[in-house]
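Colleague: Residue-level listing of the chains:
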Amino acid sequence: MDPRDHILIVDDDRDLRELLVQYLEKNEFSVTAVKDGREMRQALAGKTIDLIVLDLMLPQEDGLKLCRDLRAQGSTSPPILMLTARGDEADRILGLEMGADDYLSKPFASRELLARIRAILRRARALPANLVVAETARALAFGDWTLDTTQRHLVDAAGTMVALSGAEYRLLRVFLDYPRRVLSRDQLLSLTQGRDTEPFDRSIDLLVSRLRQRLKDDAREPRYIKTVRNEGYVFASPIEMRNDQG
Amino acid sequence: MPSTVPRSLWPASLFGRIALILFCGLSAAHVLSLGLLLYDRAQTVSAMMIAYLAKDVASSIAILERIPPEERKDWLPKIDRQNYRYELLREAGDRAAPTATAQRVAAMVSRELGSAYAVTANTAAQASDPLRFDLALTLRDGTPVTVELSPPDTGLSSWVLAALAFQLAVLALFSGIAVRIATQPLARLAAAADQLGPELRGAVLDERGPKEVTRAAVAFNAMQRRIADHFAERVRILAAISHDLQSPITRMRLRTDLLDDSTLKQKLQNDLAAMQALIEEGIDLARSVERSTETPIATDVQALLESLVYDYADSGKQVGLIGRVDSPVITSPRTLRRIVTNLVDNALKFGCEVEIAVAREMPDRISIAVRDSGPGIPESELGAVLEPFHRVEGSRNRDTGGAGLGLAIAHRLSSALGGDLRLTNRPSRGLEAELRLPG
Chain A
1 MDPRDHILIV DDDRDLRELL VQYLEKNEFS VTAVKDGREM RQALAGKTID
51 LIVLDLMLPQ EDGLKLCRDL RAQGSTSPPI LMLTARGDEA DRILGLEMGA
101 DDYLSKPFAS RELLARIRAI LRRARALPAN LVVAETARAL AFGDWTLDTT
151 QRHLVDAAGT MVALSGAEYR LLRVFLDYPR RVLSRDQLLS LTQGRDTEPF
201 DRSIDLLVSR LRQRLKDDAR EPRYIKTVRN EGYVFASPIE MRNDQG
Chain B
247 MPSTVPRSLW PASLFGRIAL ILFCGLSAAH VLSLGLLLYD RAQTVSAMMI
297 AYLAKDVASS IAILERIPPE ERKDWLPKID RQNYRYELLR EAGDRAAPTA
347 TAQRVAAMVS RELGSAYAVT ANTAAQASDP LRFDLALTLR DGTPVTVELS
397 PPDTGLSSWV LAALAFQLAV LALFSGIAVR IATQPLARLA AAADQLGPEL
447 RGAVLDERGP KEVTRAAVAF NAMQRRIADH FAERVRILAA ISHDLQSPIT
497 RMRLRTDLLD DSTLKQKLQN DLAAMQALIE EGIDLARSVE RSTETPIATD
547 VQALLESLVY DYADSGKQVG LIGRVDSPVI TSPRTLRRIV TNLVDNALKF
597 GCEVEIAVAR EMPDRISIAV RDSGPGIPES ELGAVLEPFH RVEGSRNRDT
647 GGAGLGLAIA HRLSSALGGD LRLTNRPSRG LEAELRLPG
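Sequence order for the protein chains is A and B. Residues 1 to 246 in the numbering used here are what the first sequence spells out, letter by letter. Residues 247 to 685 in the numbering used here are what the second sequence spells out, letter by letter.
Since no wrong hints were added, every one of them can be taken at face value.
Going by beta-carbon spacing under 10 Å, a handful of chain B positions derived as facing chain A:
id	residue
1	Thr502
2	Val555
3	Pro579
Example chain A residues on the side facing chain B (calculated, C-beta under 8 Å, incomplete):
id	residue
4	Asp13
5	Asp15
6	Leu19
7	Tyr23
8	Ala85
9	Pro107
10	Ala109
11	Thr160
12	Val162
13	Ala163
14	Ser165
15	Gly166
16	Ala167
17	Arg210
18	Arg214
Please keep in mind that the hints were generated in silico from the structure rather than gathered at the bench. None of these values were measured; they are calculated from a predicted model. We put the beta carbon where it would ideally sit given N, CA and C, even for glycine.
From just these sequences and the hints, can you work out the full model?
Modeller: Quick look at the structure:
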């Protein structure tokens, strides 16, 4: 069996497909490139695919529909990286709602694509199968808070929207994905990195204290994120998944 | 006309000008016709008086002839009339040349009396009224008789003046009302045109009223629609081109990654990034034109601004935040974020130090000001940079990337949130963009 991860590219732009194949093969992936949904299903039937890079705008069946169909098949579907034109929020929200694991807006740097692909593969391996569902939950509730995963913000008990910075959101998602597990600073760093290219030069401790402040969590007697001496941090509150609107 | 009339007397408003002209014209006509009436009345009165006077003087002289000379004195009061009286044996005073009227009256009296009498008219030297003169004649026995005329008082009585003043007041009132009716639609038109703000959707004018006003309103509404359509079309084209350019740029971006020459690679990637910035602005502008579908929710503005500042810090850009707003504000958080991001991005382009100042100005209003230490914008350009497709020449130019739509987009989104955006040059240095939001 080929030890390389197998990436399936679905895009109707032939030149772009060729460029991506060239680049990803150079970076030690095996790559299959197809132009539409029909060919995508054929490829999925014939090969083991580890990740699909799916263009949002496709002729006939668009990326959203394909994404929805794949997710409907259940946990056997590989993770999906959605390519959108212009990183607009509407596309992003739709893409995440329809079950894409991440999105990348055109035009992108090839390094960025590589980083995203690696991050998704790492997450898919690290997560127990039953937690994959959390990816598609619209909202995660804990204590007084609800995290809206499509809009990437918190909502407090009174219904007030509380914004999170990109780094704060990523850290909170890691805690919510691994509840009641002690995570070391190195683990937190590697799990929060890779989803974005921006330099993540702040220490995890500073970020945790910022997140605690945002959650109105008392650092001396924290309710949500507890410090484990010499080991790291643990998310201590029970989490409830919600898929209903709001 | 404005050149000959001093500025202070010539009203600035159309209302004032038309009212003034109308009022002056109407009152001049009114006063003139009153004057003509008075003149005609005076003419008639004097003609009647002269005709009556000739006959009456003739009969009075006949009476005096028949009365014995010693009794004549007692009779004089009986033959005196209101406008003339008789005197016997009066010496002639200072004489001046008799007026034409006096000569005409003398001739008429002389005709009534017959050729036996010689009537002469004497006008007193200082007399101002043509009807104030004496007639001198001699009775058959040689006694001189003088008829002294004093004309009737034809001056205006005070009630006539009062009535005139009242009439002028009524005139002023009605010309005011008439002009108001004529100029009010203009004021409404101007107000509607003023409302044609960044949304380019002004209030629709009421298409009722007099025919001319209706026509103007219909034409104005049509023009407003055409402007909005034209603008929407322009934006649609921009959005379509911008959107379709993304595919070739994506390919070019990936092709540059395959290049070995790192200097060339970096330069090409910078160019592509600049093109992408232009495209994103075009698409954002198109999106800002569409009505925002985001539903307002209670938003922690403080957390929103803090997260924004942290995001900038994480990407290596320092943005300060001063002030606090603790109570939540009902607004559309994504739109608000977009506005502040645009303002900060713009400030970062031109100023090295950027800070956001947030404060609750009033119980129902917050202010978010983005300040930079850059070169600012010339005062005359401050309003124009908020319009799409406008670019400030000189210090803020294309070298810094983007089409200069960032502020225009922020402006449009601000009005969509029910707020307003104002630019001012700071007293020290740099620009301040202040967003005021209800909440």
